[in-house]
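S.K.: Here's the letter readout for the chains.
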Amino acid sequence: MYHKHNILIWVIGYWLLAIGLTSCRGDEIVVPSEYELLPIPVRAESSFAPNEPIGMYLLNEGNMGSNKASIDYVDFCNGYYIRNIYGERNPNVIKELGDVGNDIQVYGNRLYAVINCSHKVEVMDLRTCRRIGQVDIPNCRYIRFKDGKAYISSYVGPVSIDPNAQLGAIFEVDTATLRVTRQVTVGYQPEEFEIIGNHLYVANSGGYHAPDYDSTLSVVDLTDFRQIKKIPVCVNPHRVRKDQYDRLWITSRGDHKDVQPQLVCFQPISNSLLPIANVPAVSEMVIFGDSMCFYGSHWSDETMSNTITYGVIDIRYPIADSQYPTSDPRPLITDGTEKNIKIPYGIQVNPYNGDIYITDAKNYVSSGQLHCYSREGKRKWSVRTGDIPAHMCFVYR
Amino acid sequence: MRRIVSIVFFTLSCVVASAQMSATDSLYLDSIYRHLELDEYTVTARVKEKDIIIPQTLSGTQLKKMNALSVADAIRYFSGVQIKDYGGVGGLKTVNIRSMGTNHMGVYYNGIQLGNAQNGQIDLGKYSLENIEEIQLFNGQKSDIWQSAREFGAAGSIYLTTRRPRFENGKTFNIKGQMRAGSFDLINPSFLLDVKLSETMSLTTNAELVSSSGKYPFRYRRVTPSGEVAYDTTAIRQNGDINAIRVEAAINHYYSNTGFWKLQLYHYNSERGVPGAIVNNVWRNGERLWDRNSFVQATWQDELFNRWSVRVNAKYANDYTRNINNDDKLIHVENQYLQQELYLTMTNKVRIFDWWDVSAAYDLQYNALSMYAEAHRFTHWLSVATAINIKNYLRLQTSVLGTFVQDCSKINNSERAALNNSEQPAKQALNTKLTPAFFLSYRPSQVVDLRFNAFYKQSYRYPTFNDLYYTDMGNAYLKPELAKQHSAGLSFAQPFRINELRGSEFRINADYYYNRISDKIIAYPKGQQFRWTMLNLGLVKINGIDINAQLHFVLPKNFYLTAKAQYTYQTAIDVTDPNDSYYGDQIPYIPWHSGSAVGMFGWQNDWQQYGLNYSFIYVGERYNQQENIIYNYTQPWYTHDLSLFGEWNIQPISHSAKGASNSPKGVRYPIILRVALDVNNLLSQDYDVILNYPMPKRNYKCTISITY
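So the protein lines, in turn, are chains G and X. Residues 0 to 396 in numbering that gives the first Met the number 0 are what the first sequence lists, from first letter to last. Residues 0 to 707 in numbering that gives the first Met the number 0 are what the second sequence lists, from first letter to last.
Here are the computed lysine-lysine pairs in the BS3-like style, where the Cα-Cα straight-line distance is at most 25 Å: (1) K540/X <-> K483/X; (2) K83/X <-> K94/G; (3) K478/X <-> K341/G; (4) K94/G <-> K214/X; (5) K94/G <-> K696/X; (6) K478/X <-> K256/G.
Since the hints were derived computationally from the structure, they do not count as laboratory data.
Just chain G, with the same shape it has in the complex:
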């Protein structure tokens, strides 16, 4: 009898001990920022040229439903990488930055982050990353600016009669009041856009209408905020970037079946459209003077693997009547370290020194990496980021 009770006491004791060891639930703490030293020289802010970035914000998308969108900051002055800066700077914002960050841009002294599944544009002070306000835009995707107005593309415009044919929209927001001033309906699931002169060009992807993808560019007149025409460009267009010659570079994601992804160049002034045949699939690019740095990742059902390419092309030549629109791409990464990048998910180029920043989203549900390459394509440093690092923008003195 005595012996038996002993066993019981031992069992219960062990069990209580085990629970005691793992302890109880405590207060949930706003996760503080993490600082990591980068192998770059420390410089006084005053030593930076006016056109030399003193820092770079990086928006991590975070997997859908995880509410893990986060902002990291690369401090070029002090040589720090600061992870997850938003939560610490804005502890009072309920449920932090939000779910799925989709774009981050600087305009004036403010930082604008488009948080897709939180249906908002977060407006912050550029230097402190403290919240100034938010603009609620449903299913917002990308943001651009002109003359004190912010323009935001959104997958969902006004509710239409046929819920299966829901068109997207461009919203106009007054950056002074952070109120929506106007909106215009465009094509299906609009993605990136650019503003040239008084016209806004937005890529209608139709990504939710597979296999009947949209393939047009909507042109919106900014004076009366009206869609004036739709120009067929390429299947499932996504990126739209303008160069210094007022041409638009547009990527097509293809239909994931027969139509391969491609890059096209559209010149609004001449209404000419030129497929760039000698460049493989482009997923994301950045135009830097007369160069375009890009990467492309493309899944092959045959090899059951991703084919990833990185390259730089000279964009000066593509004109409609040219036989050789661009030079063949030259490699972006020259030291062989690209094999360490699993899924490139963002690219940016430092406009002052030509450093190239490439992010790796890994498997989308773990921390990514930010790699810095010199303009010669040699890796300088790498750092751990948040989940799905994707969008970058610079801060100047």
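Given the coordinates of chain G, work out where chain X should sit on it, guided by the hints.
M.R.: Below, chain X without anything else, positioned relative to chain G:
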């Protein structure tokens, strides 16, 4: 007498936490209680005979006392089980045994597996406890060779057994009406009718309605590292409503001592909101889900020539799901799925000698998915098994299962419709797998109830239709995922008698296990943008210890006390690729420590009983994503639940216990009124089981039932 006593103690050991007295005690109890106990005898005696490793069991009055709403709520008290609960009455609740993943689990309803060929997940929140008499959990498989071939295929098995109607002498029908109401506007009436068609044949019918608004308050609170409140907000969960109806009917015919057949119909229909994740700026989601599950199943079993036991099962299931996203802020999406399943099995067991049994079984199943996508699958299972019992000291079982899967598919969803299907294989080659299992149990002494047991088992988890064919994501070339389990443990039980009438018992089980999951099917990023595919990439190693202890005390003056505790420690680490940042980290949502404790205290006499049931569940810290870093850290949660009940025979006293058996005429059978009050999450802890799916704070339930 010795035999009776041993049965009694065995009963106690298997159904510890219950109101029962010893067999001798029950002689002076009202017949109602006795017949409950007799149920348990039959159940546990059968268990003793068949299973060489004793499963974890919840049955009869014990289940009743827990007063849980669904099977998922009850299963939380088993060791080695992790539950994923998305919150609320309508929220998805799936279980996972020993960290192997939900898809490795088999859930059996009266011995026939519940299927979901589409995603492999069984939502145990949908299965009501109302009509369930017993829940058993087996690690590996049921350690009894008389089972269908398919039953040998799961890595862990949960058996749900519905109530078998029993009639007191002379009674021709039983009837029960119950009303349950509680927080979140829960209304849950149910009705049961058993009819005795003849001495050997009976009909039982059961219907239940569940309705809840799902509007519960939840709270998110954060503090800054310096201790100031950063934010503290309470909101009401929206779009978590549910309306569900369940109707069941069964005919049982026990035509001889060895043979019976049974026909069962099951129908479940529900409409619910899918409340979704709570993220910044989003407090409401607009997704709706309609679900209809219907099946008919039949069993026939008999023993022929005294040596050959045979059982034939057949089932047809028809499941329809419709899903709409009505959210203004999101793209409108509507999907419909229809799944059909046809299943047939024949199981044979031959007793060659008293100590040597062999069995063979063949199962055939056809699955079809239609509407959203077209896919078909034929599966054949063939098993042979043998069991040896050496003088009750050493028992051995070996089985080999052959699984033959053939898939045919034609994707015709909107995306693929216009494309040629040449890349989709119309018909795949037959996939053949052989999996062995070995079980042994050694009991060194027939006097002391101490047993050592061990098993080794291989099992495959086949890719689901979603894994194979889901739009864009599916990979038709997936291989099945392989689980290898090694487990060793011991169990010890010690009854101690206070006197001839009263017995108490202590029991403890401890198991160590090591599982290895290879070719784990995981989502892999594909190409540009947010596109995935499924690949056989993962490798996970799981080490764990399960301990459970039970103590049952029969106290003087008709009081009883039962205590039960279980604890699990486990590591489940991802060792897929040393280059991954999460290499060697605990896989998501697997806590290192988890446990539960249940205490039941009660009193009863021959026409009334009262009881107080307290339960505590603890799930330790864990991570919500693969990497074990601070951003993915999830705090422990633990809840205290309290249940108080009273039960009265409101039929004027007729001393029916012995009278009934002697003279059925003029006997007034008992009418039992039962009232139960429940408080769940007593300390109102604010917690998430799954990140961003808040669970309810303190909530209440009241149940009133009348049984005749």
